[in-house]
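Those protein sequences? They're chains G and F, same order as listed. One gets our numbering by counting positions in the first sequence from 1 and adding 3 to each. One gets our numbering by counting positions in the second sequence from 1 and adding 85 to each.
Simulated from the structure, these hints should not be mistaken for laboratory data. Wrong hints could be hidden among the right ones.
What the hints assert, rightly or not - Taking lysine-lysine pairs in the DSS-like style, the calculated list, with each CA pair at most 27 Å apart, reads:
| # | chain 1 | residue 1 | chain 2 | residue 2 |
| --- | --- | --- | --- | --- |
| 1 | G | 277 | F | 397 |
| 2 | F | 397 | G | 58 |
| 3 | F | 172 | F | 397 |
| 4 | F | 397 | G | 41 |
Claimed, not checked - Per the computed footprint, the stretches of chain F lying under chain G, defined by three or more beta-carbons under 8 Å from a beta-carbon of chain G, are:
| # | region |
| --- | --- |
| 5 | 202-212 |
| 6 | 344-350 |
| 7 | 418-424 |
Note that the structure is a prediction, hence the values are computed from the model and not measured. By construction, the Cβ of each residue, glycine as well, lies at the ideal position given by its N, Cα and C atoms.
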Amino acid sequence: MENPYLPYPVRIDDITTETEDRNLKTFKFVFLNPEDEKKFAYTPGQFAELSIPGKGEIPIGIASSPTEKGFVAFTVNKVGLVSSHLHNMKKGDVMGIRGPLGNWYPWEEMEGKNVVIIGGGFAFTTLRSSIVYMIDPANRPRFKDIIVVYGARNPGMLLYRDELAAWEQRDDIHMHITVDATDDPGWKYNVGFVPTITEQKITSADNAIAIVCGPPVMIKFTQPVLEKLGFPPESIILSLEMRMKCGIGMCGRCNIGDQYVCKDGPVFSLAQLKEMPPEY
Amino acid sequence: MTTRIFTKEEWLEALKAVSGSYKVFVPARDGDFHVFRQMENGTVPDFGYQNTRLSPKSLVYPQSERMFQYTLDKDDPDANTLKEAKKDFSPQAIVGIRPCDAHAFQLVKLNFDNPEYKDPWWVKRFESTTLVGLGCNEPCATCFCTSVGGGPFDERGLDVLLYDLGDTFLARTLTDKGEALLNSMNGGEQASSKSLEEADALSLKAEGDMPAALPMDSLKEKVLNELFDAPFWEEVAFRCLNCGTCTFLCPTCWCFDIQDEIQGKQGDRLRNWDSCMFPLFTLHGSGHNPRDKKVQRVRQRFLHKLKYYVDKYNNGVQCSGCGRCVRYCPVNIDIREVLQLMNNYG
Numbered sequence: 004m005e006n007p008y009l010p011y012p013v014r015i016d017d018i019t020t021e022t023e024d025r026n027l028k029t030f031k032f033v034f035l036n037p038e039d040e041k042k043f044a045y046t047p048g049q050f051a052e053l054s055i056p057g058k059g060e061i062p063i064g065i066a067s068s069p070t071e072k073g074f075v076a077f078t079v080n081k082v083g084l085v086s087s088h089l090h091n092m093k094k095g096d097v098m099g100i101r102g103p104l105g106n107w108y109p110w111e112e113m114e115g116k117n118v119v120i121i122g123g124g125f126a127f128t129t130l131r132s133s134i135v136y137m138i139d140p141a142n143r144p145r146f147k148d149i150i151v152v153y154g155a156r157n158p159g160m161l162l163y164r165d166e167l168a169a170w171e172q173r174d175d176i177h178m179h180i181t182v183d184a185t186d187d188p189g190w191k192y193n194v195g196f197v198p199t200i201t202e203q204k205i206t207s208a209d210n211a212i213a214i215v216c217g218p219p220v221m222i223k224f225t226q227p228v229l230e231k232l233g234f235p236p237e238s239i240i241l242s243l244e245m246r247m248k249c250g251i252g253m254c255g256r257c258n259i260g261d262q263y264v265c266k267d268g269p270v271f272s273l274a275q276l277k278e279m280p281p282e283y
Numbered sequence: 086m087t088t089r090i091f092t093k094e095e096w097l098e099a100l101k102a103v104s105g106s107y108k109v110f111v112p113a114r115d116g117d118f119h120v121f122r123q124m125e126n127g128t129v130p131d132f133g134y135q136n137t138r139l140s141p142k143s144l145v146y147p148q149s150e151r152m153f154q155y156t157l158d159k160d161d162p163d164a165n166t167l168k169e170a171k172k173d174f175s176p177q178a179i180v181g182i183r184p185c186d187a188h189a190f191q192l193v194k195l196n197f198d199n200p201e202y203k204d205p206w207w208v209k210r211f212e213s214t215t216l217v218g219l220g221c222n223e224p225c226a227t228c229f230c231t232s233v234g235g236g237p238f239d240e241r242g243l244d245v246l247l248y249d250l251g252d253t254f255l256a257r258t259l260t261d262k263g264e265a266l267l268n269s270m271n272g273g274e275q276a277s278s279k280s281l282e283e284a285d286a287l288s289l290k291a292e293g294d295m296p297a298a299l300p301m302d303s304l305k306e307k308v309l310n311e312l313f314d315a316p317f318w319e320e321v322a323f324r325c326l327n328c329g330t331c332t333f334l335c336p337t338c339w340c341f342d343i344q345d346e347i348q349g350k351q352g353d354r355l356r357n358w359d360s361c362m363f364p365l366f367t368l369h370g371s372g373h374n375p376r377d378k379k380v381q382r383v384r385q386r387f388l389h390k391l392k393y394y395v396d397k398y399n400n401g402v403q404c405s406g407c408g409r410c411v412r413y414c415p416v417n418i419d420i421r422e423v424l425q426l427m428n429n430y431g
């Protein structure tokens, strides 16, 4: 019997500080046993439990794409006991990863459609995974236009800045990067909140699916914008966060109604969420 | 299927003899209450009990259990790698378990043993457990097993059912596991038709003594979001202390926490029972808490048992009708009343 609680041992291969407040770091992990990488076959939108012996586990969205081989990456905000400890760990340290867990963005449904990606703050991690996945040459023909609206408080709080700049240069993805405010005279992108920029830049809901990830306040104000544009609730896809322990729908804490965010989610359509109690 | 009758002395002797090949757990007096205790020298079983205060769920699902062990010693080549903790899954028998508590394992099984994931420890321990039920000649005032599809002599979830006929126990095997246990027990003889009739009469009488069954059929049809917003939750929750007694005693409450404990360089990953009554259960790292108010936690407990479980598994309610939460709630919150509030709403 496979033990779903047993993490794969991994080594920290690289650590990147993402934001100027140094609260977000991206950790690249390499599996100690190469065959574990095959077992850890994931799809963008899924998460995993990062497991630090002596400290515990935290559920974190997978930031790398399955098209990137040889490693798996997570961007972690420094919040509590485990994430603070992780931020102090070093290249070469050994820990564990348990997963992949949860469901994923509706890739089959998105095929042949325009994909609108809307992200805010540090909730851009599984969206990064999704973008890298979609613009991979093998996958790009499966999707029509890819339009990205991504905002942070200020330029220094944007994740993956080098990649954002590279995506800006491409003609097969439309990037709309924005910040709430900046005093940087050299800032060449948008200034304004994500819902406002969404309203300005997204012109049609035709044959489109929108994936929205961000802080609750961003989601709250983006939702009506999308609905006004004509996105039906079935075509607005959200990813939720919850306190989790087991990650496999057994420990009982991450439920919303009869749905476990860890196993039945974390990805839900707005149509699904409207049927569920507003307890998240 | 075998039916054998034992004098009570023979039964005790047979249990003592079989406790070499099974870990045998029996109800025993503990102060003013009863608990399940392993048959060893000095254990005095008391089959004249009504029910244990703590449910026997801990015999399959311990309150605290070591999941993994590890070392943080950097000189050890396996440093920071989790290893499965050694566990004892040798056969065990819970003898004298009440039918409601046995059925509770079947309700909980849907959580720990499903097509996608299997909890290896729960599954292995459950598989190694034989449940010898003792029918309830005199149900308690707080019992409502017949409301949840059970009964004082309900066979579901049992491997053997015992009837207390006064000076004798009549044992009826229900599964291969039960058959195997009874085959390894000495003594007793083939039950006469007279004692079989006596057993049937006992069971009929006990069922007749049960209060009228509460209706459960409308729960599935209720619209969840309407029930969720019902004003009666404030009233139900008002006197709740969030003490967690109900979830602790409940044979069908399965929620748990996972924690790491270290001593020096040696560490354990443990799993401990948890409770939806506690605010920490759902507190996010960010400080946000979707169930930070008492009323939300009380609503969660009842909706989980009486609505979410019903909708998710199509297997009735997540309650075996044992009545422990009713009996031991310090402020007399009664799940039967909450059920009626839900039935009557909307």
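Verify this for me: three or more residues of the region 344-350 of chain F with a beta carbon less than 8 Å from a beta carbon of chain G.
holds (count 3)
Between residue 397 (chain F) and residue 41 (chain G), is the straight-line Cα distance small enough, at 27 Å or below?
violated (32 Å)
Holds or violated: residue 172 (chain F) and residue 397 (chain F), Cα atoms, limit 27 Å.
Roughly 32 Å separates the two Cα atoms, so the pair is violated.
Checking C-beta pairs, does the region 418-424 of chain F have three or more residues closer than 8 Å to chain G?
This one is violated; 0 residues, fewer than the three required, reach chain G with a Cβ under 8 Å.
8 Å C-beta criterion, at least three residues: is the region 202-212 of chain F covered by chain G
holds (count 6)
Under the criterion that the straight-line Cα-Cα distance not exceed 27 Å, is the pair residue 277 (chain G), residue 397 (chain F) satisfied?
The hint holds at about 17 Å.
Would you mind confirming whether the straight-line C-alpha gap from residue 397 (chain F) to residue 58 (chain G) stays at or under 27 Å?
It is violated: about 33 Å lies between the C-alpha atoms, which goes past 27 Å.
Hints 2, 3, 4, 7 from the earlier list are contradicted by this structure; the remaining hints agree with it.
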